[in-house]
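There are 2 protein chains.
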Amino acid sequence: MLAAEKIELKPIGFVKTKEFGKDVRDRSNVSEIVLRDDLAEALDGIEDFSHLFVIFWMHEISEEERRTMKARPRGRGDMPLLGVFATRTPHRPNLIGLTLVELLKVEGNVVTVRGLDAVDGTPVLDIKPFDYWDMAEDARVPEWWMRLEKERSEKRGSK
Amino acid sequence: MLAAEKIELKPIGFVKTKEFGKDVRDRSNVSEIVLRDDLAEALDGIEDFSHLFVIFWMHEISEEERRTMKARPRGRGDMPLLGVFATRTPHRPNLIGLTLVELLKVEGNVVTVRGLDAVDGTPVLDIKPFDYWDMAEDARVPEWWMRLEKERSEKRGSK
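Residue numbers (the numbering used here), protein chains in the order written: chain A, 14 to 172; chain B, 14 to 172.
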């Protein structure tokens with residue numbers, strides 16, 4: 014081990030949303046990110062991007078869940094048992110969430126976004142603008158991911 | 014403030030690379046992520062993805078640089094002065110780096126990737142598989158970003 018073993022972060026702000034439970038994961042969910050007052054000026058120019066990455070801390074996950082090594086996508090028995098780094102499960106050694114969101118509005122220290130799957134009160138660690146270096150158009154994903162995505166799009170279609 | 018003010022993380026591993034200085038940013042740079050031994054099994058199934066997000070801690074940035082509020086992209090005088098959250102500068106309140114990389118190989122607790130712009134010894138916080146929810150094909154980016162990208166591609170073309 015070459016560097017300090019412990020790393021300390023301070024939230025830059027918190028998520029504000031009226032949605033609860035599963036509805037938080039709805040991609041149309043609109044949330045506010047309320048930054049610390051002293052950080053408002055660090056948003057200057059962000060409105061020229063249409064999309065942002067929000068990096069947040071999944072504070073509702075327990076210490077025991079952090080020690081999970083294997084998980085099935087969506088907890089479903091018909092999905093393969095995978096290492097947590099091969100999935101986006103919130104059960105992981107560091108409770109860091111990463112979501113691409115649509116930027117709707119910036120007013121003072123409040124950033125309004127669409128598609129943030131984080132519960133009310135979630136600490137936010139960083140905001141980064143999305144650009145074309147963050148994209149892999151030719152990316153390969155596993156069969157199980159394609160299967161889940163097909164189900165999702167069928168569900169959307171039948172609404 | 015609704016949640017604990019301080020968040021503690023432990024690296025899941027460290028970056029190993031032979032490149033120094035600016036060469037670290039070369040997109041063809043091949044690096045190893047050496048995970049803690051006890052986390053090797055958390056990689057199971059990751060090789061079915063071609064691309065990963067690596068989330069790391071930019072440990073070389075100073076406490077003073079962390080307090081930076083405004084920066085010019087690439088530190089260039091012909092670029093606009095922007096809030097740090099409108100840029101990908103490493104000078105930000107929480108020193109979290111986020112890079113999309115190509116997965117080349119997994120052997121035990123070692124993940125070999127291409128395109129990781131992190132120096133040797135960088136603590137790694139998380140690895141997440143890249144999927145099509147991380148992509149915004151219609152994303153809008155500012156004029157200054159397009160200008161930088163045009164220069165980069167001209168440079169590559171003239172090599």
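These are computed hints drawn from the structure, not numbers from a lab.
Hints are not guaranteed to be accurate.
Identical copies carry no separate label here, and so any pair may be met within one copy or between two of them.
[Claimed, not checked] No more than 20 Å apart at the CA atoms, straight line, and that leaves these computed lysine to aspartate or glutamate pairs for EDC-like: (1) Lys168 to Glu77; (2) Lys19 to Glu76; (3) Lys163 to Glu73; (4) Lys23 to Glu73; (5) Lys118 to Asp133; (6) Lys31 to Glu150; (7) Lys19 to Glu60.
Comparing the hints with the structure gives:
When the C-alpha separation of Lys168 and Glu77 is checked against a cutoff of 20 Å, the pair qualifies neither within a copy, at 33 Å, nor between copies, at 50 Å. When the C-alpha separation of Lys19 and Glu76 is checked against a cutoff of 20 Å, the pair qualifies both within a copy, at 16 Å, and between copies, at 16 Å. Proximity of Lys163 to Glu73 under the C-alpha cut-off of 20 Å is found in neither arrangement, the shortest distances being 29 Å within a copy and 43 Å between copies. For the homomeric pair Lys23 and Glu73, the shortest alpha-carbon distances inside one copy (17 Å) and between copies (18 Å) are both at most 20 Å.
Proximity of Lys118 to Asp133 under the C-alpha cut-off of 20 Å is restricted to the intra-copy arrangement: shortest distance 19 Å within a copy versus 38 Å between copies. For a Cα distance limit of 20 Å, the shortest separation of Lys31 from Glu150 qualifies neither inside one copy, at 34 Å, nor across copies, at 29 Å. In this assembly of identical chains, the alpha carbons of Lys19 and Glu60 never lie at most 20 Å apart, being 34 Å within a copy and 29 Å across copies at closest.
When held up to the earlier numbered hints, the structure conflicts with 1, 3, 6, 7 and fits the remainder.
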